[in-house]
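Q: Chains as they are written, first to last, in our numbering: chain A, 1 to 382; chain B, 1 to 507.
The set of hints was computed from the structure by calculation and includes no laboratory data.
In this text, all values refer to a predicted model and were calculated from it rather than measured experimentally.
All C-beta atoms, glycine included, are put in the ideal place defined by N, C-alpha and C.
Be aware that a few hints might be false.
Stated by the list, open to error - Label-pair distances were calculated between CB atoms; the ranges are:
hint, chain 1, residue 1, chain 2, residue 2, range
1, B, His-9, A, Val-224, 17 to 25 Å
2, A, Phe-68, B, Lys-71, 44 to 52 Å
3, B, Met-316, A, Ile-165, 45 to 53 Å
4, A, Ser-156, B, Gln-450, 39 to 47 Å
5, A, Leu-42, B, Gly-190, 55 to 63 Å
6, A, Val-29, B, Lys-367, 28 to 36 Å
7, A, Ile-221, B, Asp-388, 42 to 50 Å
8, A, His-231, B, Thr-489, 52 to 60 Å
9, A, Ile-221, B, Asp-319, 42 to 50 Å
10, A, His-231, B, Gly-394, 16 to 24 Å
11, A, Gln-331, B, Ile-13, 54 to 62 Å
What the hints assert, rightly or not - Dumping the calculated BS3-like pairs for lysine-lysine here, alpha-carbon to alpha-carbon at most 27 Å:
hint, chain 1, residue 1, chain 2, residue 2
12, A, Lys-250, B, Lys-342
13, B, Lys-372, A, Lys-257
14, A, Lys-250, B, Lys-306
15, A, Lys-257, B, Lys-225
16, A, Lys-257, B, Lys-342
17, A, Lys-257, B, Lys-367
18, B, Lys-225, B, Lys-199
19, A, Lys-31, B, Lys-396
20, B, Lys-71, A, Lys-362
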Amino acid sequence: MHEKKINMKDVIKNVGKVIYRGLKRAFIVMKPSLVAIGLGLLIGLMIMIIFDAGDAFPALGTLLIGGFNGGLRGIGNTLYQAAPIILTGLAVAFAFRTGLFNIGASGQMMMGAYVAIHIGVRYSLPGTLHWIVAFLAGMLAGAIWGLIPGLLKALSNVNEVVSSIMMNYIAGNLLIILIMRYVFNSSYSRSLNILRTAELPLLTSVFPGSTANIGIFIAIIVVVIAHIILHKTTLGFGLRASGFSMPGSKYAGMNTKANIITAMTLSGSFAGMAGAIAFLVVGKNIGTAFEIFPQGFDGISVALLGLGEPIGALFAGLFLANIRMGAFYMQRYSFVPQIIDMIIAVIVYVTAISSALQIVFKRYREQIKSWSKRIFKKKEGQ
Amino acid sequence: MAYKVEMRHITKIFGTLYANDDVTLQVKQGEIHALLGENGAGKSTLMSVLFGLYHPEQGDILIDGQPVVIKNPNDANRLGIGMVHQHFKLVDTFTVLDNIILGVEDTKNGIIQYDQAIKKLEHLIQTYKLHVDLKAYIKDITVGQQQRVEILKMLYRDADILIFDEPTAVLTPQEIHELMNIMRGFAKEGKTILLITHKLNEIKAVADICTVLRRGKKIGTVSVKDTSIETLAEMMVGREVSFSVDKPEINQGETIFKVEHLNVSGQGRHSVKDVSFEVHRGEILGIAGIDGNGQTELIHALTGLKPILSGQVSLMGSDITHLPIRKKYEIGMSHIPEDRQKHGVVMDFDLQSNLILQNYYQPQFQKHSFLKFDIIQDHANELINRFDIRSERGAKTIVRQMSGGNQQKAILGREISRNHELLIAVQPTRGLDVGAIEYIHSQLIAERNQQKAVLLISLELEEIMNLSDRILVMYEGEIVGELDPKKTTVNELGLYMSGAKRGDVHA
Numbered sequence: 001m002h003e004k005k006i007n008m009k010d011v012i013k014n015v016g017k018v019i020y021r022g023l024k025r026a027f028i029v030m031k032p033s034l035v036a037i038g039l040g041l042l043i044g045l046m047i048m049i050i051f052d053a054g055d056a057f058p059a060l061g062t063l064l065i066g067g068f069n070g071g072l073r074g075i076g077n078t079l080y081q082a083a084p085i086i087l088t089g090l091a092v093a094f095a096f097r098t099g100l101f102n103i104g105a106s107g108q109m110m111m112g113a114y115v116a117i118h119i120g121v122r123y124s125l126p127g128t129l130h131w132i133v134a135f136l137a138g139m140l141a142g143a144i145w146g147l148i149p150g151l152l153k154a155l156s157n158v159n160e161v162v163s164s165i166m167m168n169y170i171a172g173n174l175l176i177i178l179i180m181r182y183v184f185n186s187s188y189s190r191s192l193n194i195l196r197t198a199e200l201p202l203l204t205s206v207f208p209g210s211t212a213n214i215g216i217f218i219a220i221i222v223v224v225i226a227h228i229i230l231h232k233t234t235l236g237f238g239l240r241a242s243g244f245s246m247p248g249s250k251y252a253g254m255n256t257k258a259n260i261i262t263a264m265t266l267s268g269s270f271a272g273m274a275g276a277i278a279f280l281v282v283g284k285n286i287g288t289a290f291e292i293f294p295q296g297f298d299g300i301s302v303a304l305l306g307l308g309e310p311i312g313a314l315f316a317g318l319f320l321a322n323i324r325m326g327a328f329y330m331q332r333y334s335f336v337p338q339i340i341d342m343i344i345a346v347i348v349y350v351t352a353i354s355s356a357l358q359i360v361f362k363r364y365r366e367q368i369k370s371w372s373k374r375i376f377k378k379k380e381g382q
Numbered sequence: 001m002a003y004k005v006e007m008r009h010i011t012k013i014f015g016t017l018y019a020n021d022d023v024t025l026q027v028k029q030g031e032i033h034a035l036l037g038e039n040g041a042g043k044s045t046l047m048s049v050l051f052g053l054y055h056p057e058q059g060d061i062l063i064d065g066q067p068v069v070i071k072n073p074n075d076a077n078r079l080g081i082g083m084v085h086q087h088f089k090l091v092d093t094f095t096v097l098d099n100i101i102l103g104v105e106d107t108k109n110g111i112i113q114y115d116q117a118i119k120k121l122e123h124l125i126q127t128y129k130l131h132v133d134l135k136a137y138i139k140d141i142t143v144g145q146q147q148r149v150e151i152l153k154m155l156y157r158d159a160d161i162l163i164f165d166e167p168t169a170v171l172t173p174q175e176i177h178e179l180m181n182i183m184r185g186f187a188k189e190g191k192t193i194l195l196i197t198h199k200l201n202e203i204k205a206v207a208d209i210c211t212v213l214r215r216g217k218k219i220g221t222v223s224v225k226d227t228s229i230e231t232l233a234e235m236m237v238g239r240e241v242s243f244s245v246d247k248p249e250i251n252q253g254e255t256i257f258k259v260e261h262l263n264v265s266g267q268g269r270h271s272v273k274d275v276s277f278e279v280h281r282g283e284i285l286g287i288a289g290i291d292g293n294g295q296t297e298l299i300h301a302l303t304g305l306k307p308i309l310s311g312q313v314s315l316m317g318s319d320i321t322h323l324p325i326r327k328k329y330e331i332g333m334s335h336i337p338e339d340r341q342k343h344g345v346v347m348d349f350d351l352q353s354n355l356i357l358q359n360y361y362q363p364q365f366q367k368h369s370f371l372k373f374d375i376i377q378d379h380a381n382e383l384i385n386r387f388d389i390r391s392e393r394g395a396k397t398i399v400r401q402m403s404g405g406n407q408q409k410a411i412l413g414r415e416i417s418r419n420h421e422l423l424i425a426v427q428p429t430r431g432l433d434v435g436a437i438e439y440i441h442s443q444l445i446a447e448r449n450q451q452k453a454v455l456l457i458s459l460e461l462e463e464i465m466n467l468s469d470r471i472l473v474m475y476e477g478e479i480v481g482e483l484d485p486k487k488t489t490v491n492e493l494g495l496y497m498s499g500a501k502r503g504d505v506h507a
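Construct all of the structure, not just a fragment, from the sequences and the given hints.
A: Structural data, given as structure tokens:
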């Protein structure tokens, strides 16, 4: 009996150690993102204090609580908003792992959205099949929109940043033409509502009154698949090798051109899914004023904040969607929701320079150390 | 008389590693003092402490007998300490002159005043024979000239304690010779020189005193005149080192690798012009030449990193001229690349991934395109043991965190253990220490003895002379001579390399 007790203690101790180590490692990995978020919120708070000192702190609380302010409905809406930016974030992160900067997630998402709406409005297919076809077609459209800059880069070394930005503008204008031609609702000057059968299954029973749908599950599944592709398969091995070192992967006999094309196509397909998920909802329409979807650029923030990893994009997307919802609820105070865009901008800035910041912090730490050392020495000398 | 430079009981710790452990260094004025040690022995760390880049945990520094605190390189400059780093710190798109005065430029109303600087520099160039065109851009001049710019930078700042960190690693034999003359000139002028190196010949040729470090500890300080190379090597490595390469006579077999009338377009002046040769089983064919005479282009063309303009290359009887790189490997080519960090490894991958870089897609390492991580790790551990690849975290170490010597061992191990008949080794010992060089040489000989064909390209004449069964010399993109290492001398080789002599080539 006595012996067993000691064992139990050891077990608890060991389990504790493992958990502690895991948390510590997770903290080290996430440190740049956490520092960025902390600094972003701090600067946001300062801005809020300048505008209205009294409301600043409660408003910050509201911001952080985010979608939870609105109970289940708020959470549902957060999840609805999170799914597309998780996927655009994944698109950017995936390309980034292959050494490509896909800044065209917006365009890819727009093409995905349009094709999904097109099928949702103009075709009629039995029940479940309808939304699945619309979703897959949206994914394909995004893939094609990503393939084009990929081909340009691989075959004639056109910088993918430039070409994918251009593709955003082409998509933005093409969208207006296509909507007016095929799915135009002239009384509201926007796309027609999709058929009920094309709608992604809603989660209204869990999150009543919200637009939450299974998009969030799709996003999570796709993130996991992307993670597996990148880190467990031969395809991912080649893609990451190309991302880290083009000359190295060329030396190793990998087909670097094929890798670029594959990565951009997969990246585009993720953004295309984002478009399908966001718009395969009855009552969500695309207007005919020129616009480039902001979710594509949110994707860049999400990817940066998620440290360029698929799993990171998942959490960063949820975080971003949550504080976006928080910004909505913040309107009950005297603050405009634009403040949230400023805070997000700061967070992205700080993430981008986080490694530089860590060097600065380290230098300060060393300086303080050497000061204290010298003071000690002087005391000893006296 | 007080020492010019005295470092007392310096201890510098990185994490748990004692990079310097109670090291004391005493250098007299006008002396060329060599710091000898293997890679990672702590030579560069010690000099970085002197130059203010690192702050030691313990120890004091005295200059001219006066205790000083050197917090950063600016402090070091003020004390007359200058350093030429192994990797030059120059702005490529600036002129030589701009690079030299950068940071200490004279200005009048915000406009740089060049006249004084040019006058002073011209004087320095004359005095020390450091000829370099002040108006040239750094990107247009050779590595040897860039080094002179770095030296002028120190002199311009009136440094009289000159630190050279592995200065000969990037130079040709002729440039090394010139550099040594320059150093002797400095010493004669009363300047104090600290030379970091692991090349014993250079120490023997130029240094007066030598301090040996091993694993962060000082082993001893000796007079170079009275100490043999063998003793120095033993002090450095901690065991006896053999310099002679043991190479048994063996029979050469059939032709494995055949190059016919190869032409390669080059970016600059040099390209490969009508090169033909063969490599047989059981033979090491050495290609000698001064850097930049088409060797890099030749190898890149043979291995597939660069397109071939015309000609034919065949391996094991099959035409591989225009095959993709992966196909060449599958037929039986192994390649230890010249630029190991650019081509040879993916620096941000871990060691085990790097050891399957060319083979990851083969059934051995994947099933239904999922990587078999257990087998990949076993494979890595096997190579780590067999080739003595040292790293902090074994198979999972990120290659960027490994030392250059161990990176090279990893590449060597990977290329030798892969199925192959031809091994192309380019500059396989560049920048490595004596122990690693000895090991790599023995592995290359072992390859030859196992009836593989080895193509060795090197700028180190000694390496070519010791290892090769046959030597080809490249000059301006052409093969200008075929020599038998048993019958030729380094001098004769040098004549071919400089284009002064041409021979009949039967290869």
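Q: Work down the list of hints and note, for each, if the structure agrees.
A: Quick rundown of the hints versus the structure:
1. B:His-9 - A:Val-224: 17 to 25 Å: The hinted range 17 to 25 Å is violated for His-9 (chain B) and Val-224 (chain A), with Cβ atoms some 56 Å apart.
2. A:Phe-68 - B:Lys-71: 44 to 52 Å: For Phe-68 (chain A) and Lys-71 (chain B) the Cβ distance comes to about 51 Å; the hint holds.
3. B:Met-316 - A:Ile-165: 45 to 53 Å: For Ile-165 (chain A) against Met-316 (chain B), whose Cβ atoms are near 49 Å apart, the range 45 to 53 Å holds.
4. A:Ser-156 - B:Gln-450: 39 to 47 Å: holds, 45 Å
5. A:Leu-42 - B:Gly-190: 55 to 63 Å: Roughly 57 Å apart at Cβ, these two residues keep to the hinted range, so it holds.
6. A:Val-29 - B:Lys-367: 28 to 36 Å: Holds, since Val-29 (chain A) and Lys-367 (chain B) (Cβ atoms, about 29 Å apart) stay within the stated range.
7. A:Ile-221 - B:Asp-388: 42 to 50 Å: Holds: the Cβ-Cβ distance is about 45 Å, inside 42 to 50 Å.
8. A:His-231 - B:Thr-489: 52 to 60 Å: For Thr-489 (chain B) against His-231 (chain A), whose Cβ atoms are near 56 Å apart, the range 52 to 60 Å holds.
9. A:Ile-221 - B:Asp-319: 42 to 50 Å: The hinted range 42 to 50 Å holds for Ile-221 (chain A) and Asp-319 (chain B), with Cβ atoms some 48 Å apart.
10. A:His-231 - B:Gly-394: 16 to 24 Å: holds, 19 Å
11. A:Gln-331 - B:Ile-13: 54 to 62 Å: Cβ of Gln-331 (chain A) to Cβ of Ile-13 (chain B): about 55 Å, so the range 54 to 62 Å holds.
12. A:Lys-250 - B:Lys-342: The hint holds at about 10 Å.
13. B:Lys-372 - A:Lys-257: Holds, because 25 Å separates the two Cα atoms, which is no more than 27 Å.
14. A:Lys-250 - B:Lys-306: holds, 11 Å
15. A:Lys-257 - B:Lys-225: Given pair Lys-257 (chain A), Lys-225 (chain B) is violated - Cα atoms ~58 Å apart, limit 27 Å.
16. A:Lys-257 - B:Lys-342: holds, 18 Å
17. A:Lys-257 - B:Lys-367: holds, 24 Å
18. B:Lys-225 - B:Lys-199: It holds: about 16 Å lies between the C-alpha atoms, which stays within 27 Å.
19. A:Lys-31 - B:Lys-396: It holds: about 22 Å lies between the C-alpha atoms, which stays within 27 Å.
20. B:Lys-71 - A:Lys-362: Holds, because 16 Å separates the two Cα atoms, which is no more than 27 Å.
Violated hints, in rising order: 1 and 15; the structure is consistent with all others.
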